[in-house]
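Student: Quick note, the sequences are listed as chains A and B, same order. The first sequence begins at 32 in this note's numbering and counts up one residue at a time. The second sequence begins at 32 in this note's numbering and counts up one residue at a time.
You can trust all of the hints, since none of them are fake.
Where chains are identical, the list cannot tell them apart; a pair therefore holds if satisfied intra-copy or between any two copies.
Here are the simulated DSS-like cross-link-like pairs (lysine-lysine), alpha carbons at most 27 Å apart as the crow flies:
| id | residue 1 | residue 2 |
| --- | --- | --- |
| 1 | K87 | K110 |
| 2 | K71 | K57 |
| 3 | K110 | K57 |
| 4 | K93 | K80 |
Worth flagging that the hints you see were computed from the coordinates, not collected in a lab.
Protein chains: 2
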Amino acid sequence: MQDHLSQTFSALADPTRRAILARLSKGETSVSELAEPFLKEMSLPAVTKHLKVLEKAGLVTKSREAQWRPCKLNGTPLKEASDWMDFYRQFWEESFDRLDEYLKTVTAKKKAKGKSHGRKK
Amino acid sequence: MQDHLSQTFSALADPTRRAILARLSKGETSVSELAEPFLKEMSLPAVTKHLKVLEKAGLVTKSREAQWRPCKLNGTPLKEASDWMDFYRQFWEESFDRLDEYLKTVTAKKKAKGKSHGRKK
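Bound conformation, chain A alone:
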């Protein structure tokens, strides 16, 4: 059995599943309504299979309030994933700092070059 965090990341590792979550971020919807935009590219069973992966990971729940049991986005598993990622924030901020530093050096060099060209005239 997969651990929670692996299950969440695994569920997110697919553009269709992320598109389903994006749709559900706008509000609850029925399975058929949810599937509709994907049916040009895939079959209904293929969409429901993706939906089941999301349900198993706890990212989508089916409401028991209404008889048509609408699908709902549940963000709770994303919290754990986001907390995990936060630890690594320093590593991408470092990379962007280095990129920033590099761009500054390049710009400074270009400016210096421009000035020396100017002197030649």
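Chain A is fixed; fit chain B onto it per the hints.
Tutor: Relative to chain A, chain B alone:
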């Protein structure tokens, strides 16, 4: 071919690969040194296979500075993943707000019950 974001999430969907990243967060290391703690549970080819998944996702790079080509963590792909997740922050914060609300109600009910028991004495 998988899109970037799917490749990142897919690479993170494994506890061994996340443990490799955790080790690399402490600093660069050689493949053999990196593999060492995992060899009780799996073979060296199994570890290098995990490492290759991380490299393919751009999460690990092999430095060209030294002859022993140390492995290094690269956080840049995590930025995209974290940005994607940030959009959904409202959904887990909402859940925790609801939980908080529920716990307040339960505590208030317990207190009220305690008081009424007190009056009976």
